[in-house]
Amino acid sequence: MRVSTPKVVGVATEAAAPVLSVNNIEVVYDHVILVLKGVSLEVPRGGIVALLGANGAGKTTTLKAISNLLHAERGEVTKGSILFDGVEVQSQSPNDLVRRGCIQVMEGRRAFPHLTVEENLLTGAFTRRDSRSAIAQDLERVYAYFPRLTERRNSTAGYTSGGEQQMCVIGRALMSRPKMILLDEPSMGLAPQIVEEIFEIVKDLNAKEGVSFLLAEQNTNMALKYAGHGYILENGRVVMDGEAHALATNEDVKEFYLGVAGAKRKSYRDIKHYKRRKRWLA
Amino acid sequence: MGQFLEVLIGGLMSGVLYSLVALGFVLIFKASGVFNFAQGAMVLLAGLALVRALDLLVANGFPLWAAIVLGIGFSAVIMATTAWLIERFVIGPLVNQDGLTLFMSTIGVTFVIEGAAEMIFGSDVYPLRLFPTDAWFVLEGLFPGGILVNKLDVWGALIAGILVAGLALFFQRTKTGRALRAVADDHLAAHSVGIPISWIWFVVWLAAGLVALVAATVWGTKLGVQFSITFLALKALPVLIIGGLTSIPGAIAGGLIVGAGEKIAEVYLGPSIGGGIEYWFAYVLALAVLLVRPQGLFGERIIERV
Amino acid sequence: MLYREAGQFKTTYAEDMAIFPISQDRIALAVLLGIAFIGVPLLATFHIWPFGSDYLLWAILLPFLILALAAIGTNILVGYCGQISLGSGAFMAIGAYSAYKLATGVHIPLAWLGFAVSIPPLPVLASILLGGLIAAGVGILFGIPSLRIKGLYLAVATLAAQFFFDWAFLRIPWFTNYAPSGSVNAPALDFFGLIVQSPIERYLLCLLLLTLMALLAKNLVRSNLGRQWMAIRDMDIAAELIGIRPLYAKLTAFAVSSFIVGVAGALWAFVYLGSWEPLAFSIDRSLQLLFMVIIGGLGSIMGSFVGAAFILIVPIMLNLIPTELGVPLSTETITHFEFIIFGSLICYLLIKEPHGFARLISIGKEKLRLWPFPY
Amino acid sequence: MRVRDTNEILLQVEGVALSFGGVRALKDVSFNVRKGEIRAIIGPNGAGKTSMLNVVNGFYHPDRGTITFKGRTRDRMQPFEAARGGIARTFQNVALFKGMSALDNIMAGRTLKVRRGLLWQALRCGPALREELEHRHRVEEIIDFLEIEAIRKVPVGRLPYGLQKRVELGRALAMEPDLLLLDEPMAGMNLEEKEDMSRFIVDVNNQYGTTIALIEHDMAVVMDLSDRVAVLDHGVKIADGTPDEVKNNHAVIEAYLGVAH
Amino acid sequence: QNEQFIPILSYRTGPYAVNGAPYANGVIDYYNLINERDGGINDVKILIEECETGYATDKGVECYERLKSKGPTGAAFINPLSTGITFALTEKTAADKIPIITMGYGRADSKNGAVFPYNFPMLGTYWSAADIAIQHVAKELGGFDKLKGKKISLLYHDSPYGKEPIPMLQVLAQKYGFEFTPIPVTHPGVEQKSQWLAIRQNRPDYVLVWGWGVMNSTAVKEAAAVAYPREKMIGVWWSGAEPDVTPAGDQAIGYKSLMLQHGAGRFPVHADIEKYVYAKGKGSTEPGKVGEVLYNRGIVNAMLGVEGIRKAQEKFGQKPLTGEQVRWGLENLNLSEARIKELGFEGMLKPIRISCSDHEGTRDGRVQQWDGKSWKIISDWYTADEALIDPLVREVSMKYAADKKIQPRECSKES
Ligand SMILES: Nc1ncnc2c1ncn2[C@@H]1O[C@H](COP(=O)(O)OP(=O)(O)OP(=O)(O)O)[C@@H](O)[C@H]1O
Ligand SMILES: Nc1ncnc2c1ncn2[C@@H]1O[C@H](COP(=O)(O)OP(=O)(O)OP(=O)(O)O)[C@@H](O)[C@H]1O
Ligand SMILES: [Mg+2]
Ligand SMILES: [Mg+2]
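Residue numbers (the numbering used here), protein chains in the order written: chain A, 343 to 624; chain B, 192 to 497; chain C, 374 to 748; chain D, 2 to 262; chain E, 2 to 416.
These are computed hints drawn from the structure, not numbers from a lab. Don't take every hint at face value.
[As the list claims (entries may be wrong)] Heads up, simulated EDC-like pairs for lysine to aspartate or glutamate below, C-alpha to C-alpha not over 20 Å straight-line:
id	chain 1	residue 1	chain 2	residue 2
1	E	LYS283	E	ASP273
2	D	LYS99	C	ASP609
3	D	LYS71	D	GLU9
4	D	LYS28	D	ASP76
5	E	LYS281	E	GLU37
6	C	LYS383	D	GLU141
7	D	LYS248	A	GLU538
8	D	LYS114	D	GLU141
9	C	LYS740	A	GLU418
10	C	LYS523	B	GLU491
11	A	LYS379	C	GLU739
[Unchecked claim] The calculated label-pair distances, taken between Cβ atoms and stated as ranges, are:
id	chain 1	residue 1	chain 2	residue 2	range
12	C	LEU402	B	PHE361	55 to 61 Å
13	B	GLY465	D	GLY22	44 to 50 Å
14	C	LEU402	D	GLY127	35 to 41 Å
15	C	LEU402	D	ARG131	21 to 27 Å
16	D	ARG131	E	LYS98	33 to 39 Å
17	A	THR420	B	LEU349	54 to 60 Å
18	C	GLN570	E	GLU396	26 to 32 Å
19	E	ASP39	C	LEU698	29 to 35 Å
Where a beta carbon is used, it is the ideal one built from N, C-alpha and C, also for glycine.
Chain A on its own, in the form it takes in the complex:
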């Protein structure tokens, strides 16, 4: 069951070097809490990769390790290496990475509360050196993606609703015109329509501008629909990986992540009490 050796990722694009490769990293928080126990993954240039897994599996930690944000949370990568676009991430500061085109949308709606929605979006363009008009144009594009933000553009972000904040941080990341976006739970707290909108944006940017994506997402259905490749993380280890549609048709994934064991979806009201956690590790 366990697909342990991360072979060359089988996406049919060019055999060029992957834009991101994570090699067997280990992450420790607070000097004692071991969270990632050897995670390896690759994102091909221009690919969309989904990172799936239960709560606490280590998805966020993996993403933070990639964008080098662990330091500030008293975590460190104790083993392994991460290469983004050919450079060792560990030697770069987070802002260097953004400048090189790798931006993260953090989980938990981390908008800047005292700035207005528009100011929030503009901070996303901090690293850009191009003209004001190009930035203004992108701003309009974000507003076109999220009409709700247009209504609230001059509100203090701290007072906007949860979903509005989420749109705000996604829009903020788009403002930096990245080569690669690490999306951490983009669909959290968004209305169904907007969720679809987000994934459409992902597809759009990927197709039109060749932006690569690494998606940590709980909405497995959606994620596997749009991704080319998927990794399943459990308890700090990659327990399975493969092409998205292969995963989507895998029986276990179907049962545990998609909720379609057998033919029909079970009603949430009729769930019975049973445990099945950590089945791949037993």
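Add chains B, C, D and E with the ligands to chain A, keeping to what the hints say.
Frame of chain A, contents of chains B, C, D and E with the ligands only:
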């Protein structure tokens, strides 16, 4: 009437002198959420560096104007070095910690600066005379004896005004200003959108250092450059919170309120209850203002949401 | 290996809720208490090293005990309830001066009402505890703004208490029994006929009070009130929405904290200084207490002890070492170095562990548990 | 068992309007919650759902309108008064007490039930200790129910998101509320965890008869669990009824659901 | 070892360093002089150790505890140069039997040796200072009768130090009928604007300054700013040293202050210090600063201690002595004109004679004036009025004795 005006004007002016110190606090708080207790020590350091360099240069036969230019340059370099050291070794590694920890670390920094500054530059009183210290007596026609206005205070107020205008523009109108406010809100999120926090912090601490240098020229002229200058930090605090920790114009407004309030209280209320009340009066005033507006007069609203 | 809980099963919730659920901790504590209550007095009585002179008792242990008590009080307010206070010094002063007034007899001439309130001098112990209670009362008064003012704003606002009481005790002669210089002398330390005089007696007195209060404080923070405080600290809005009244939680924190700090202040004045002026409780004292609490660990009673020890002893050590080693430095240079090193040390500690010694210790314990594996 | 079909009204919201400066978050919203039911509130982002809950438990005070809970009408209620009245809630952004362990967080939820005062608690003996143990018992039951035994001593700051939400639910349950307000309890959870959470919600509703008001964006969950659904859009209630009715309502499809699910 | 240990509590850092450092330098240089020139006090070498207090009371107490039992016989005496530390140590030193010399400062009531056997406020207390200042004012005005109706303000450091003179001045105000206003200045004294605006309005005839550290120079500057004549300001002897006037530059010209007998300047003893200490490179400051006011106060203070030990050696033998023995020496100290000359202090001091009932010794002072470059002595000797001071001393000290349950000694029965 004459006396009242005089006390009022004197109070307003000396309040503005405190604003000069408070400004440094605001700068750093606005840009990193750090409540910088070391601002007083930085004024001392800047002052000592300046006055010692001046003495040395004058003693070596430089003309006064050249000595002043070189001295200010030297002391600016010292402040830049300090800013760099602080960012590199203290505040940088403490990114994403809560405000209290950062506040405490700046008290640590205060100790280091006080020790180092006195060790390097000496612990005597060093007179500094960059501004006139005598007084004008205005409106002598209207009031017997006229109304006393200290020239130094006027200079201080002028300088503070210019600084405030400049800094306020910088914060509100520029991209960097926006980034600074973002950093103060959320270090980690600022990291994640690619704001170079280290560089930004270096710049702000440098700016605060230069503001400290300016404050040192005025206060050094007033008191002589000496250890007691570090106590200015405590006098600047009520100014700061009345104006609001995040507001640059607020620093001036706070200064005016505190200055006028405490001087009037001391002169008119003090004698009847024993005098020496201005130290706490400023704080009680601040407390009263906060009860009405918990974020100070011009501070950003404190966001409370669930 | 040494620090394993394996095999120590708890079969009741009561056992699980004991102060030190792990037996190794209990043993360590017993040893510590033994040393403190029996070992130190014995050594000191017979002047055995390191108690050759009174220095260790008088200049280190005594202030350590009293300041540790004050630090516990401060920690309740700052560490447990999250209300940053720069006014702890003032509450020490209130404890000290109230105790002084009570011990020397209170006389309030209410001339306009035509009579006077007079309280005869109270016994010292009663004065000290009542001094704490008065501090608690004032604490409640100065805690009221905390319902509106938060965080660093509150910190600065508490300075109003600090400076106001600095001024009041200096300027209102009634507090000092009209002493011309404004400096007052503690009464003789008479405890039910027993006059506490020698350093050992003073030490034991403070140790006893400290142990008692620390125990009570520990109980409080482990029970519902403590949880209310911590809830307010961590997220006051949510706390309110689950039924915690901010008014009650904050004011009790102010009261309990001020009480402990007030008692510590009375001890500082009566037992340690003997004769004092308001400067003994200045803003520097408040900052010192805050430091102890933060270096020791916010929200940790034990951390308060470690923090107090660190903040008190390190500067003295730094000052002593060069002279002891015979390094030919002027006192001036030594002091400057002391400042620089002490400041750096604080920064270093905060960077290494922003949550203070308490967290370092708990990480250490966790490492011990995992030993010999790193994680 | 469930008392779902009584028509007794537990909470009645009548003509509530709320605005912040220029933003009108709620415009004249009325709806009710019957005793024992699971009531869902849905709507697009920024529709005013969270604000509605905030009004119900006193965190916001409405500009107009009244709230009647258990027959008592209040206009300006403090949050802790709501809590005392029997309203508990969880939050959209997890609002746990970060520095405390999971156990302490849930124990804090029992504040309103604690009888012994400061002095007894300081002494921690006799009746005070007994009371503490009693609460501990109740809390352990909840811990057991939510299957979080293993993490009871872990500081909640270290827990993954899903478990934090569970602890938060535990804290609300510890209050033994009559009305439980859940704000997006399943955001950020995968299927398995949603199933767990659904089971808890249904069980709470069944076993304790707790009335539940639920905000959620996952339509499958909402449709499966709730008895009645209210739909908000731009601060206005645009539909109210059984899941099936709502699902097929044009205005709702237009404003929220997009393609019919 | 044949060594007498003397601890030195000093402050060379912090807000009062400017005044603390020169004083400590004087003290140390004089002890070195005794060792270098005479080989000690009758061959008993002086062993010193300095401890930095930063003018903080608790640090002072720690220093005292650290140093009190060093050396073969413990500390000979202690001299904290801080009124606050003096208050905190008064009880401790009495218990430890170590004399505390507070020359020109400390508690005025401790003059009464019957109640304070271990306190030695030699050469002058603040009550003496207050009386001398008023005497000088009267002289400038042309007689005590001219004081009537005059306004005299006291600008003081708001601490026990600054408050000490107030009771005496109140007594004097009553006696001579002048109007007395105390004006407090909060530590450290950098902000005095409102005080001086009040003075400008009130126009007192004289302003007495009881400041320390930065407060002094600030007072002079503010006075200049409100155009209050500096000639009408009289500082206490702690407000009359070089660091108090130099920061004010020319604005300080005309400012007056009391002298604790001595002033600035070089006397025979300074020549010895140069020859035996500085020539050997053992000096503790720049040679240019030898002879400044506070430096001189340091050597006078050290000299009194040394002479006390010498006196005690007459009785107890030429060996290291305990604090208790030194106390006897101090209490029986009697420096005649001739002895002072012998010691090289001629012109600095008047004869001093200490006794059980009078630990002050003398109460003489002069007034000096700053001319922009140096201090000039402008008056004759004044002697404070014992008849006025003593009742107050007795009253306050007896109250202390009652509080502390101390049985005063009977001075008539002391040898
Ligand atoms: N700052 C931290 N300190 C200690 N432990 C942490 C910290 N952050 C995360 N962890 C632990 O690391 C593990 C992985 O957490 P992570 O946030 O990466 O999970 P996740 O897969 O993103 O889960 P979720 O779906 O809930 O977001 C969890 O068990 C969590 O308890
Ligand atoms: N305190 C406030 N100040 C200003 N505006 C507010 C405040 N609270 C809410 N709002 C505004 O009211 C509107 C409704 O917010 P609310 O949080 O109720 O939305 P919601 O329905 O919960 O949305 P979501 O599904 O995104 O959480 C939003 O536009 C929000 O910006
Ligand atoms: Mg995550
Ligand atoms: Mg919401």
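Hint check results:
1. LYS283(E) with ASP273(E): 13 Å, holds
2. LYS99(D) with ASP609(C): Status holds; Cα separation ~12 Å.
3. LYS71(D) with GLU9(D): Holds, because 9 Å separates the two Cα atoms, which is no more than 20 Å.
4. LYS28(D) with ASP76(D): This hinted pair holds, its Cα atoms lying about 16 Å apart.
5. LYS281(E) with GLU37(E): 9 Å, holds
6. LYS383(C) with GLU141(D): Judged against 20 Å, a Cα distance of about 14 Å means the pair holds.
7. LYS248(D) with GLU538(A): 18 Å, holds
8. LYS114(D) with GLU141(D): 16 Å, holds
9. LYS740(C) with GLU418(A): 17 Å, holds
10. LYS523(C) with GLU491(B): Holds, because 13 Å separates the two Cα atoms, which is no more than 20 Å.
11. LYS379(A) with GLU739(C): Between LYS379(A) and GLU739(C) the Cα gap is close to 19 Å, so the pair holds against 20 Å.
12. LEU402(C) with PHE361(B): 55 to 61 Å: Check passed, 56 Å falls within 55 to 61 Å.
13. GLY465(B) with GLY22(D): 44 to 50 Å: 47 Å, holds
14. LEU402(C) with GLY127(D): 35 to 41 Å: Given a distance of about 23 Å, which is not inside 35 to 41 Å, the answer is violated.
15. LEU402(C) with ARG131(D): 21 to 27 Å: The hint (21 to 27 Å, Cβ to Cβ) holds, given that LEU402(C) and ARG131(D) are roughly 25 Å apart.
16. ARG131(D) with LYS98(E): 33 to 39 Å: Hint violated: Cβ distance 57 Å, outside 33 to 39 Å.
17. THR420(A) with LEU349(B): 54 to 60 Å: Holds, at about 57 Å.
18. GLN570(C) with GLU396(E): 26 to 32 Å: Between GLN570(C) and GLU396(E), where Cβ atoms are some 27 Å apart, the hint holds.
19. ASP39(E) with LEU698(C): 29 to 35 Å: Hint holds: Cβ distance 30 Å, inside 29 to 35 Å.
Checked against the numbered hints above, the structure breaks hints 14 and 16 and satisfies the rest.
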